[in-house]
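Following the hints, position chain B against chain A.
Below, each chain spelled out in residue letters.
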Amino acid sequence: MDEQQLLERAKTGDPAAERALYDAHVDRIYRLAFRLAGSDDLAQDFTQETFIRAFARLRDFRGDSAFGTWLHSIAVTVALNGMRKVKRFRSREAVLDEALDHGTSARRAEPDLKHRLAQAIDALPIGYRTVFLMHDVEGYTHEEIAQSLGLQTGTSKAQLSRARAKLREALADFAGEWTA
Amino acid sequence: MSDDDRFDDFLRNAARDYNAPPPTPRDAMWARIDAERRARADAARAVEARQLPLRRLWWPLAIGIAAALVLGIGIGRWWGAGGRERGAGANFAAVPGSTQAPAVRGESAGPRAPGSRAGAPADTAPAGATVPRTPSEPERARTFAGRGAAPTGPVGADAGSREEAERRFYEAAAVDHLGRAEVLLTSFREESKRGTVDAQVTAWAGDLLGTTRLLLDSPATEDPRLRKLLGDLEVVLAQIAQLHPTKGVRPDELQIIDEAVRDHDMMTRLRTAIPAGTLPAGS
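Line by line, the protein sequences are chains A and B.
Just so you know, the first sequence maps onto residues 4 to 183 in this note's numbering.
Just so you know, the second sequence maps onto residues 193 to 475 in this note's numbering.
Don't take every hint at face value.
[Said to hold, decoys possible] Computed list of lysine to any residue pairs in SDA-like fashion (alpha-carbon distance at most 25 Å, straight line):
id	chain 1	residue 1	chain 2	residue 2
1	A	K90	A	Q47
2	B	K439	B	Q392
3	A	K169	B	D209
4	A	K90	B	N211
5	A	K14	B	V239
6	B	K385	B	R454
7	A	K160	B	F202
8	A	K117	A	V89
9	B	K385	B	Q447
10	A	K14	B	A231
11	A	K117	A	L83
12	A	K169	B	S194
13	A	K169	A	P128
14	A	K117	A	R34
15	A	K169	A	E147
16	A	K117	B	F202
17	A	K117	B	D197
18	A	K117	B	P215
19	A	K90	A	A168
20	A	K90	B	D209
21	A	K14	B	E228
22	A	K14	B	D226
23	A	K160	A	A123
24	A	K90	B	T216
25	A	K160	B	D197
26	A	K117	B	D195
27	A	K88	A	R56
28	A	K14	A	G71
29	A	K117	A	D43
30	A	K117	A	L174
31	A	K88	B	P217
32	A	K88	B	P214
33	A	K117	B	R208
34	A	K117	B	R198
35	A	K160	B	D200
36	A	K14	A	R65
No lab work stands behind these hints, which were simulated from the structure alone.
Extracted from the complex, chain A is given alone in its bound form (with noise of 0.2 Å):
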């Protein structure tokens, strides 16, 4: 049975043409869900918003860019949207941390290169980083980018060069790693 039969009969609220779609989909939103979120439990959560998300508005899908598409939209929607959450939150918790640390006369260790990367990376703005991961970490093409978040191709490709222009300048001092 091919995805069209499936959306067909998921429009009439068959379960097993339901499930069928999920586990055609699911390890590409969850693998997504969970590189811009880092943590299983929020990726879990996007995850199933946006499947609910999916099934709820199935009658709308009309066809017009492919399933896998739409429901990446979604999927980036969910997330972005909960990741702003998170952010407000955490930034009240570093502040938190901050003023607790305030003091405290433990020399931290030097950052290895991945713990950098993973600073730099996280450093991003949300747009370049949704882009970054999306092109070099999870492999979408820039038509697949630009579909899921409603932007023309010229902007996925630019916005992925200033993200790596970005973290060139924040790993200037590893540039031995990849010159040599």
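Then chain B, alone, in the frame of chain A:
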């Protein structure tokens, strides 16, 4: 290979470890998705079930509300027309801006305050010109109507101004009444300290009791504070009016009333309910 290309390769490799996802917990997530969808569907059905009776009731409810509105407007117009007639009659009977006219007419109508001579003119009584005599209810109505409270508009004025005039009329009546009640209670408390009470005070309380009841049934008591005050005042006045000074008053009877006045904080509430400068000099 340029530096940029080498950096891009390096970046892709290094970034693979960034937020590396574990295996997808498919079944656990599906179970939760299924449960959540059922819960949301149940909630939506519950909301719809709650709204259904309202939808069915909508037309009867709308008709009922419309009927109530029509009835209310009708009563309001009928009441307004009656009030205008009553107000117009009071205006014609009273001398606008004067409180003396009804006082002269009602000279022998009410009991006198303690200490005043029988038949003495009002302006010769001690401790305030209004204390010696208590005009009857119709007299007071005429007095309030003529006290610049703009009780009624000209015939043909719109319903809003009539209602406003009526409201102001009753407010003025209530303020005047509370002023008299304060004077009465002050007199009563001073006498009760000596263990006596004048028969005129009890008669006066009876007169004020009737006015209190009339005010309680009037639009003046739309204000809940005023309604409560008048309710408490009614009880105290009834207690005073039931005393029989000619047969002798027991100290405990006086004490009970005095305590009621104190417990209900009557004097303070009366004074705060009377806006400064609203009563005529001597009230």
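Do the hints match the structure? See the list:
{"no.": "1", "hint": "K90/A with Q47/A", "result": "holds, 17 Å"}
{"no.": "2", "hint": "K439/B with Q392/B", "result": "holds, 14 Å"}
{"no.": "3", "hint": "K169/A with D209/B", "result": "holds, 19 Å"}
{"no.": "4", "hint": "K90/A with N211/B", "result": "holds, 16 Å"}
{"no.": "5", "hint": "K14/A with V239/B", "result": "holds, 23 Å"}
{"no.": "6", "hint": "K385/B with R454/B", "result": "holds, 14 Å"}
{"no.": "7", "hint": "K160/A with F202/B", "result": "holds, 19 Å"}
{"no.": "8", "hint": "K117/A with V89/A", "result": "holds, 23 Å"}
{"no.": "9", "hint": "K385/B with Q447/B", "result": "holds, 9 Å"}
{"no.": "10", "hint": "K14/A with A231/B", "result": "holds, 19 Å"}
{"no.": "11", "hint": "K117/A with L83/A", "result": "holds, 24 Å"}
{"no.": "12", "hint": "K169/A with S194/B", "result": "holds, 18 Å"}
{"no.": "13", "hint": "K169/A with P128/A", "result": "holds, 10 Å"}
{"no.": "14", "hint": "K117/A with R34/A", "result": "holds, 19 Å"}
{"no.": "15", "hint": "K169/A with E147/A", "result": "holds, 23 Å"}
{"no.": "16", "hint": "K117/A with F202/B", "result": "holds, 12 Å"}
{"no.": "17", "hint": "K117/A with D197/B", "result": "holds, 19 Å"}
{"no.": "18", "hint": "K117/A with P215/B", "result": "holds, 22 Å"}
{"no.": "19", "hint": "K90/A with A168/A", "result": "holds, 24 Å"}
{"no.": "20", "hint": "K90/A with D209/B", "result": "holds, 21 Å"}
{"no.": "21", "hint": "K14/A with E228/B", "result": "holds, 18 Å"}
{"no.": "22", "hint": "K14/A with D226/B", "result": "holds, 16 Å"}
{"no.": "23", "hint": "K160/A with A123/A", "result": "holds, 19 Å"}
{"no.": "24", "hint": "K90/A with T216/B", "result": "holds, 24 Å"}
{"no.": "25", "hint": "K160/A with D197/B", "result": "holds, 15 Å"}
{"no.": "26", "hint": "K117/A with D195/B", "result": "holds, 20 Å"}
{"no.": "27", "hint": "K88/A with R56/A", "result": "holds, 19 Å"}
{"no.": "28", "hint": "K14/A with G71/A", "result": "holds, 16 Å"}
{"no.": "29", "hint": "K117/A with D43/A", "result": "holds, 20 Å"}
{"no.": "30", "hint": "K117/A with L174/A", "result": "holds, 10 Å"}
{"no.": "31", "hint": "K88/A with P217/B", "result": "holds, 24 Å"}
{"no.": "32", "hint": "K88/A with P214/B", "result": "holds, 23 Å"}
{"no.": "33", "hint": "K117/A with R208/B", "result": "holds, 10 Å"}
{"no.": "34", "hint": "K117/A with R198/B", "result": "holds, 17 Å"}
{"no.": "35", "hint": "K160/A with D200/B", "result": "holds, 14 Å"}
{"no.": "36", "hint": "K14/A with R65/A", "result": "holds, 11 Å"}
In terms of the numbered hints stated before, the structure departs from none.
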